[in-house]
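Note that the protein sequences, when read in sequence, are chains R and Y.
Heads up: the first sequence at position 61 corresponds to 61 in the numbering used here, and the numbers run straight through without jumps.
Quick note: to get the numbering used here, add 161 to the position in the second sequence (first position is 1).
Everything labelled a hint here was simulated from the structure, so no lab data went into it.
Be aware that one or more of the hints could be misleading.
[Said to hold, decoys possible] Non-contacting residues of chain Y with respect to chain R, defined by C-beta distances greater than 10 angstroms in every case (computed):
| id | residue |
| --- | --- |
| 1 | R213 |
| 2 | T255 |
| 3 | L260 |
[Claimed, not checked] Covered stretches of chain R (in silico footprint by chain Y; criterion: 3 or more residues with CB under 8 angstroms from a CB of chain Y, positions within the stretch not fixed):
| id | region |
| --- | --- |
| 4 | 7-15 |
| 5 | 33-42 |
| 6 | 114-123 |
| 7 | 140-149 |
[Said to hold, decoys possible] Part of the chain Y face toward chain R, derived, beta carbon under 10 angstroms:
| id | residue |
| --- | --- |
| 8 | T165 |
| 9 | F177 |
| 10 | C178 |
| 11 | L179 |
| 12 | G180 |
| 13 | L181 |
| 14 | R187 |
| 15 | R188 |
| 16 | L199 |
| 17 | F214 |
| 18 | A235 |
| 19 | R253 |
| 20 | N256 |
| 21 | Q262 |
| 22 | L263 |
We put the beta carbon where it would ideally sit given N, CA and C, even for glycine.
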Amino acid sequence: MSSVAFVFIAILTLAAALAAVTLRRLIHAALMLALSFLGLAAFYFFVGAEFVGLVQIFVYVGAVAILIVFTILLTRRETETTKPLHWFAGGAIALLVFVALAWAISQSPALAVSASPRPSISVKQIGETLMTGYVWPLLCLGLLLTAALIGALVLVMEEKR
Amino acid sequence: MTPTLPVFLIVSSALFCLGLFAALSRRHAIFILIGIELMLSAANLNFVVFWRFHPTPVEPTGVMVAIFSIAIAAAEAAVGLALVIAVYRHYRTTNVDKLNQLKG
Chain R
1 MSSVAFVFIA ILTLAAALAA VTLRRLIHAA LMLALSFLGL AAFYFFVGAE
51 FVGLVQIFVY VGAVAILIVF TILLTRRETE TTKPLHWFAG GAIALLVFVA
101 LAWAISQSPA LAVSASPRPS ISVKQIGETL MTGYVWPLLC LGLLLTAALI
151 GALVLVMEEK R
Chain Y
162 MTPTLPVFLI VSSALFCLGL FAALSRRHAI FILIGIELML SAANLNFVVF
212 WRFHPTPVEP TGVMVAIFSI AIAAAEAAVG LALVIAVYRH YRTTNVDKLN
262 QLKG
């Protein structure tokens, strides 16, 4: 049962990602990207990290995908100049990297571990860990997000002529 | 039976390579950003899966790293898309092949 669900989620995620990188129309690609992020959230639910799955849906599907759609609507549609050579070279390099990674994964003896019983991790536990052991990274992250927001605003501000 | 660790890693490396393919071969700036987002997501999946297959996954370390990484990816997407809009205002194009001079 669970392996059937795994195969279904894997095919959904990878097919949506493939569509996102190969479709011609940008807006279709952005919607496929959102679907692929939903598949990844399903993966997180599948391995028992429910909170990460929810964060993935909120941040990626709710914010990043919508941000990409807004950017597409704010810029003009234009024809892409991707030549067949580009497709071929990029595809060959990506395929080579995939073959190398798959070979390394299949050869590594350290990865042959069996799954421990499904961990149950509550939001309370995550919150306590965030506020005790990870409080400095959390503060730095808040600073980083503020700086990134201000930086993004400054970048898109109209220049006075 | 549940899938084993190498199966998960194969899926995440396939996702990474799809993102790499988009970042290398597309000529539209937003497509390149989409590829980078896919690569980041593949890394997140690896963090969570390695945490799941740890002998004692009681400490939520992998989950923490994944949450921080998602937040950083959100900041990166916001700044990247703002850059795309700024470049588009200046050059009236988002095709990275036409952006061939630093001084506009």
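Tested hints:
Residue placement check: R213 of chain Y does not keep its beta carbon more than 10 angstroms from all beta carbons of chain R (closest about 4 angstroms). Taking the minimum C-beta to C-beta distance to chain R, about 5 angstroms, the non-interface status of T255 of chain Y is violated against the 10 angstroms cut. Every C-beta of chain R lies more than 10 angstroms from that of L260 of chain Y, the closest at about 12 angstroms, which supports listing it as non-interface. Counting residues of the region 7-15 of chain R whose C-beta sits closer than 8 angstroms to any C-beta of chain Y gives 3, which meets the bar of three, so the coverage hint holds.
Residues of the region 33-42 of chain R lying with their CB closer than 8 angstroms to a CB of chain Y number 4, which satisfies the three-residue condition for coverage. Only residues whose C-beta sits within less than 8 angstroms of a C-beta in chain Y count toward coverage, and the region 114-123 of chain R has 5 of them, enough to reach three; the restraint holds. Counting residues of the region 140-149 of chain R whose beta carbon lies closer than 8 angstroms to any beta carbon of chain Y gives 5, which reaches the threshold of three, so the coverage claim holds. Nearest Cβ of chain R to the Cβ of T165 of chain Y: about 7 angstroms, under the 10 angstroms cut. The hint holds.
The interface hint given for F177 of chain Y is met, as the beta carbon of that residue sits about 8 angstroms from the closest beta carbon of chain R, less than 10 angstroms. A least Cβ separation of about 4 angstroms between C178 of chain Y and chain R falls short of the 10 angstroms threshold, and the interface hint therefore holds. The criterion of a C-beta within 10 angstroms of any C-beta in chain R is met by L179 of chain Y, whose closest approach is roughly 5 angstroms, and the hint holds. Because the beta carbon of G180 of chain Y sits about 7 angstroms from the nearest beta carbon in chain R, less than 10 angstroms, this interface hint is met.
The interface hint given for L181 of chain Y holds, since its Cβ lies 5 angstroms from the closest Cβ of chain R, which is under the 10 angstroms cut-off. Restraint check, R187 of chain Y versus chain R: the minimum CB separation of about 6 angstroms is within 10 angstroms; hint holds. Taking 10 angstroms as the C-beta contact cut-off toward chain R, the hint placing R188 of chain Y at the interface holds, the least distance being around 5 angstroms. About 6 angstroms separates the beta-carbon of L199 of chain Y from the nearest beta-carbon of chain R, less than 10 angstroms, and the hint is met.
A least Cβ separation of about 5 angstroms between F214 of chain Y and chain R falls short of the 10 angstroms threshold, and the interface hint therefore holds. The interface hint given for A235 of chain Y holds, since its Cβ lies 5 angstroms from the closest Cβ of chain R, which is under the 10 angstroms cut-off. Checking R253 of chain Y against chain R: minimum C-beta separation of about 8 angstroms stays under 10 angstroms; hint holds. Here the hint on N256 of chain Y is kept, as its CB sits about 6 angstroms from the closest CB of chain R, short of 10 angstroms.
With 10 angstroms as the threshold, the beta carbon of Q262 of chain Y stays out of range of chain R, its nearest partner Cβ sitting at about 17 angstroms, so the hint is violated. A cut of 10 angstroms between beta carbons decides the hint on L263 of chain Y: the least distance to chain R is about 16 angstroms, and the hint is violated.
In terms of the numbered hints stated before, the structure departs from hints 1, 2, 21 and 22, listed from lowest to highest.
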